[in-house]
Structures are given as C-alpha cells and as structure tokens.
Amino acid sequence: MQVLLRLACFIVLMMSPLKADQCHESEDQVVSIFAANEIFARLCNARLKDKNTTIWYKNDSKTRVSMEVDSRIHQFEDKLWFVPGKVEDSGQYYCIERNSTYCLKQKITVKFVKNEPNLCYNSEALFPQRLFIGQNGLLACPTLDLFKDENNEFPRIQWYKDCKPLFLDNIRHIGEADKLFIMNVTKEHKGRYSCRTSYVYLGKQHHISRVIDLTPAKKTANQHREPVIMKPANETLEVELGSYTQLICNVTGLANAYWSWNGSNIDENDTALVEDFITVKNHHTNTRILIVMLNISQVESKFYLYPFVCEAANWFGKSAAYVQLIHPVRDFQSYIIGIFSILTVVIMCSIFIYKIFKVDIVLWYRDCCYDFFPAEASDGKIYDAYILYPKTVEKESASNSDIFVFKILPEVLEKQCGYSLFIYGRDDYVGEDIVEVMDEHIKKSRRLIIILVRDTLGFSFLGDTSEEQIAMYNALIHNGIKVILLELEKIQDYEKMSESIKFIKQKQKTIRWSGDFTEKSQSAKTRFWKNVRYYMPAQKKAPSSSHLRSRALNWNSTELFEREVHVPLG
Amino acid sequence: MDIFRCTLCRLISLLLLLFHSETACRPTRGRRHSMGTFRIWDVNQKVFYLSHKQLVAGYLQAANANLEEKVEVMPAESNSVFLGLHSGKLWLSCVKSGDKVRLQLEEVDITDLGRNKEQAKRFTFLHSQNGPTTSFESAANPGWYLCTESEGDKPVSFTNKPKDTTKITQFYFEGQQ
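If you read the protein sequences in the order shown, they are chains C and V. Start counting the first sequence at 1; every next residue gets the next number (UniProt numbering). Start counting the second sequence at 1; every next residue gets the next number (UniProt numbering).
Isolated chain C (complex conformation):
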C-alpha cells in the first residue's frame, strides 16, 4: 500500500512540471526595432501577476537563452540582453512567466537594423512624436528605462537633429534626463532627432541610440476651440400650426450637438420630436460638419412658447443657438406687390385699349355724358369748322375734292352730326372779297379742316394763295384754331406742299379718306368719320333723328336761300 502511495506521489511530482508547461500562449504585437551593434535589453512584459520566474527561449521556443553573462545574447535577472545586438539576431524569442498557479508564454519579435547609408539611424527604427506648433513641449528618448544607473538616473544623453549635434542653449532647447524640452515649437522643428548615450554593462561601455521623428502638429482652427454653430443663427421661423417642420443645426469642429426645448433634451421616445444627425466631411477644408436635424411631425401650440435650442459642446467649450417658432404673419408685402402688379397690368391694358379705341371712347363719352356737361359760355364762334380745299381749274367736271367738300362732308358732318361748316363757294356771298371772307369766317370757326389732294394734275393747290396764308396764319400764329388735315388720297410727297402744311403735318397726323366719291349716303360710324368727329369740337347736343331732320330742313332752306342769292349775282 505504501509502495502504491509513493508511486502515486512520484507520478504527481513527475506530472507537475508537465502541467506547468501547458502555458497560455500569446504574442507581443509590438515589434522592437533597434540599431545593430548597440546594447539592447527587454522585459518579457507578459503581465502575469505575482510572477516568480521568467525564462527566455530562443526562436525554437525550446532552447533556453544562455544565463552566462559573457554570452552575447543572454538572460540576466528577468531580462533578455543583447550585448550587443547583431542583424542576424533578428527574429522571434519566447519568454515564459510563471507564478504559483499560472504560466504565460509570449512570443516576441526583435529586429536589429543597420544605419542607412550617410545617416546616423535607420528609418525603420523611428519613434514618431508630435508637438503642437506655438507651444512648449518635450521629446522623450524612448525605452531607456532599463539603462538607469544605481541611483535610478538616466545616463547622460546627447541630442542630434538630422544627425547634426543639437546645441542645447537651455533657452530654446533644454536637455534634462531622457527629455529634450523644446520651447515655442515651430514648423522648423520638424525633423529626425537622435538621442545617443552609453551604458556600462559588466565593466564594458556600450552605445545606445534612438531616433525620433518629430511632427510639429498644427492646431487647426476648429480643432482646439469651442464648436461653431453655423445654423441656426438665433432666428425665428414661421411655421403653421400642425404642419411638419424640420429644424437643422450645422456645427463645425469636433463637437457633439443636440436639440433641446424648454430646458430639456429631446426625449428619444418622443414621437412628435425626432432627432437625427449625420456627419459630413469636407475634403477640401478637411473639416467635419455635424448636421443635427429635429423633425417635428406636427407643430403644437406649445412649441411657439419656447425656442428650440441647438447646443454644441466639446471640451474647449459650449455654443448654443436657437430657433423660435412663430405663427406665420400674413405677408402684406406680397399682397401690396400683387395689388400693384395687377394695377399696373390694368393701367397698361387701359392705356393700350384707350390707344386703340381712343376715338370711339371719346365719341361715346361725348354722346353719353353730354347732358352732364356744364353749360359753357359762348365762345363767339359761329361755325364748327372752316373747310379749306383745293380749287379745281377745270370746271367741266366736278373733281373728287368738290364732291367730297360739297356733298359728302356736309352730308355727314352737318346732316348727321349736326356741325355747322363754312365752305367757301357755298356759304359766301357773291362779290364778297375772298380774303376778307376767309379771314372773318376762319376766326368764327372752331376748326380748320384742310382737304389735301395729290398735286398730280397740275392744278393749283392751296399752295401760296392768300386764303391759305390767312388760314395758316390764324391756325398757327393765333393758335386759337385747331387744324384737321384730311387726305383724300395717299400723298407720298409732302415736299411740294407749302411750309405751313409741312409744319402742321409734323405736328399731327392726317386722316385719310378711304371711301369712294359716289354720292351715295355716308355713315358717320365709319372709322374715317369717327376720326374726323374726334378732332371736331364736342357737340352741344347729340343730334337725335328728329333733331337731325329739323336741322336738315333748316340746311335745305339755307341752301335754297343761298342758291337764290347766288343766282342774281352769278
């Protein structure tokens, strides 16, 4: 029985180291890259608590690293030493840390590199370090912790920048322990800083160097300051009650932003107010814009009471901006603009219509409203118009102008419209001096109607007759009488006309006769007669049919009388 017990104990004793060898394996992700031909030491760093022992193994994980300190690669205490490290030493090493209950096996990778040609370092071994431009800061010569002396102090360090010795003036560059203090960092500080020292190990001095890649970091404007809310800008927003609205908050810089209302944040379970956000990166300016949206599914009346506040914060500060919802104000401005636009259109149309139908409108107005005209004092004129017309030389056949003057004109203006005309050759008395008659009768006329015909047949037109001159004189100089130019035919060339006709022609347009010269009855409602009536003075009384008839009778009697008068003198 005792034998069995001893056997069991022996088996347990035999098994225990085997059990301990069932280590939890891991790999140190950090690859150590250091200069060859320099002393190098490192810890296992498997981070086992209460560790008792550390054992180092070579890359086969079985062969133990020598414990002889004379050996170039050896284990001393719990560290792995390379005295010095060679390029060929690069590779994997294993360390096992044990405590009473646990065992950790870790694979580590070490790489030794030679300096690059014409450089005092190898770029593979760079330690990047960053400082902010405009600030004071320090560079640390890394991983020298194992090379402190017995007083726990770092060996003396020389600093180099881009392989040139760095002068430590104790003002801008200060060297202290394993640190290089740099005052007021500028862009020019960018570069490769080497720190070099030596370490006496087992009575022999060995070199140590590290290389740092310093990047002076620029503090971008929006990185190191409080967030900037670009939108909203403490504004009001017109919103209809019950409508859907989205409020947008735009924030630049690294910040958090959210909406709040009435002093509290938007509840995530609130269905009426839903907050959402996106971040947009502006690649050109390399800035981030945070857009926080607040969707209001239905604007409630309480939402008008307090503003919605967008708050943005980062650790440099806070910003806030609000949107106050307001009931929409009726837009009077647009109403006014609308009314003015309509008015303008109406006025433009009216002007346009008036331009086209001016004559009709005026005549209609005269017809309709004549009764309301105030009774005017007599102007002392007898005739409404004096008719000035070319006198034909040939007397055999009545010319068109004669037909027009003696037949058509009186027919319409006198019989139909009720005007009184003075027509020389009809209304004058035989033997009267023509110039005196004209002068006298033109003065008594309200209008001077000048009949224009083409001067093709060679007959003498108004030309230079004294009658015309008197008429013109009265029309133009006295200006008391208005002239109406009637073209019986199209007259292309006014050059042959007298200066006064040309002058009047420039001042006003002519009315061209468009009908024929037959003696059939004319209607005062044609365009030509409307135009003539337009230029004629307003009638005292629109002739009613009965009135017309009586006038016609009067005129007929006058004609008869005149004819009677003419006969004995002719």
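Just so you know, the hints here were simulated from the structure itself, not pulled from any lab data. Cβ atoms here follow ideal geometry from the backbone N, Cα and C, with glycine treated the same way. Please note: incorrect hints may appear among the correct ones.
Straight-line alpha carbon distances no greater than 30 Å define the calculated DSSO-like cross-link-like pairs of lysine-lysine that follow [what the hints assert, rightly or not]: (1) Lys167/V / Lys530/C; (2) Lys154/V / Lys111/C; (3) Lys96/V / Lys49/C; (4) Lys107/C / Lys79/C; (5) Lys154/V / Lys190/C; (6) Lys53/V / Lys107/C; (7) Lys117/V / Lys49/C; (8) Lys496/C / Lys525/C; (9) Lys148/C / Lys167/V; (10) Lys204/C / Lys161/V; (11) Lys281/C / Lys70/V; (12) Lys117/V / Lys218/C; (13) Lys89/V / Lys107/C; (14) Lys219/C / Lys358/C; (15) Lys51/C / Lys114/C; (16) Lys163/V / Lys148/C; (17) Lys154/V / Lys51/C; (18) Lys204/C / Lys219/C; (19) Lys117/V / Lys161/V; (20) Lys355/C / Lys107/C; (21) Lys58/C / Lys96/V; (22) Lys148/C / Lys190/C; (23) Lys49/C / Lys100/V; (24) Lys49/C / Lys167/V; (25) Lys161/C / Lys70/V; (26) Lys117/V / Lys86/C; (27) Lys163/V / Lys219/C; (28) Lys358/C / Lys415/C; (29) Lys117/V / Lys302/C; (30) Lys148/C / Lys121/V.
Which stretches of chain C does chain V cover? Using the computed rule of at least three CB atoms under 8 Å from a CB of chain V, they are [what the hints assert, rightly or not]: (31) 30-41; (32) 45-55; (33) 125-132; (34) 154-162.
Following the hints, position chain V against chain C.
For chain V alone, coordinates are given in the frame of chain C:
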C-alpha cells in the same frame, strides 16, 4: 433571362452600395453622439495601446503605429466625457475596490448607459484644459486622475497625486477630422 438576372444583380448591388454609403456615416440614433475620434498621447510622448487586454502607454515605433489606440470621445454631462476605444466598443471606467482605484475597459452600449446617471458615473470623466493639454478626473472617484507611468509600457491607471513626477496626468489630444 441571364441578361435580366445580370441587370437585377447590378441593380441590387447599386442599391446596396448607395445604402451603404448613406448608412456608413449614420451611427445609431441617440441624443449623444461622438465628438469624434482623437489621437491621445501623454506629455512624455507615450501613446496608448492594448497589451494583454490592458490599456498601456508606451513608445510605439512607426512600424507598430497600427497598434496605437485612438480615443472616441462622447460628451456626458457638461464638462465631462466618456472615453471609448475601438470605435466606441470598449469604454474606460474607474472602479474603486478597497483603497485601490483601477482602470477597467468595459464593453457597453454607452448611449444606453447614458440615461442611467448612476450607472454611467464610473465611465464619466471630468476634463480640464491646461494650456494645450487635458487631464481627466474620474466622476465616480473625485480626486483620481487618469495617468500613465513615467516608464514606458506600463498600464494606464489612476492617481490621486497628480503632482507626483512619476505619474503623468496631462494628455495631448488631436482630433482625427
């Protein structure tokens, strides 16, 4: 039929692509959202990295730059933040057990946690600006500051003696735009 399939596939992939690009920049809805990712290093130029599930501070060479931990900063209350790692999967917390105050990395949904003030307290750090550097005091354990050791490759921890020269409590931050 093949042509139809091809077009359909293209359409689907196009839709997925569009949807992806839209959702990529839309984290889960919540009032709190990250201030962004920041590069953090102490005034002695040590950066953070994870070693055996511990947050440590040390000098990392350019070859190991991928191991550097960047910090996700999420505002908590006014003047205080949550500090996250791994794009906000792990969050730094300050836990006191006995006399010891230690740093924990916890896998939590911080936006969910944010609502419960008591729960969120150990994750909350009051930040104070000191020129170009920032320090973080635990909200759960006032007087205890996030710190690194003056030696490299040592765990990030807390100290209640921020003026102790062997502890570094001042950190540089640089936003990753």
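- Message: Run the distance test for Lys496/C versus Lys525/C: straight-line Cα separation, threshold 30 Å.
- Response: violated (33 Å)
- Below or equal to 30 Å on CA atoms is what counts here, so check Lys51/C against Lys114/C. violated (35 Å)
- Query: Given the proposed pairing of Lys58/C with Lys96/V, does the C-alpha separation stay at or below 30 Å?
  - Reply: Measuring from Cα to Cα gives roughly 41 Å; hence the hint is violated.
- Message: Just to be careful, I want the Cα atoms of Lys117/V and Lys161/V compared with a cutoff of 30 Å; is the pair within it?
- Response: holds (27 Å)
- Assess, step by step, whether the Cα of Lys167/V is no farther than 30 Å from the Cα of Lys530/C, and give holds or violated. violated (111 Å)
- When you check the alpha-carbon spacing of Lys204/C and Lys161/V, does it fall within 30 Å? The hint is violated at about 40 Å.
- Query: Is the hinted pair Lys89/V and Lys107/C satisfied, with a Cα-Cα distance of at most 30 Å?
  - Reply: holds (27 Å)
- Within 30 Å, alpha carbon to alpha carbon, are Lys154/V and Lys111/C? holds (22 Å)
- Item | Satisfaction of hint between Lys86/C and Lys117/V, Cα-Cα up to 30 Å | Violated, at roughly 57 Å.
- When you check the alpha-carbon spacing of Lys49/C and Lys167/V, does it fall within 30 Å? Since the Cα atoms of Lys49/C and Lys167/V sit roughly 21 Å apart, the hinted pair holds (cutoff 30 Å).
- Query: Between Lys281/C and Lys70/V, is the straight-line Cα distance small enough, at 30 Å or below?
  - Reply: At roughly 19 Å apart (the allowed maximum being 30 Å), Lys70/V and Lys281/C satisfy the hint.
- Query: Does the alpha-carbon distance linking Lys154/V and Lys51/C stay inside the 30 Å limit?
  - Reply: This hinted pair holds, its Cα atoms lying about 16 Å apart.
In this structure, the earlier hints numbered 1, 7, 8, 10, 12, 14, 15, 18, 20, 21, 26, 30, 34 are contradicted, and the remaining ones agree with it.
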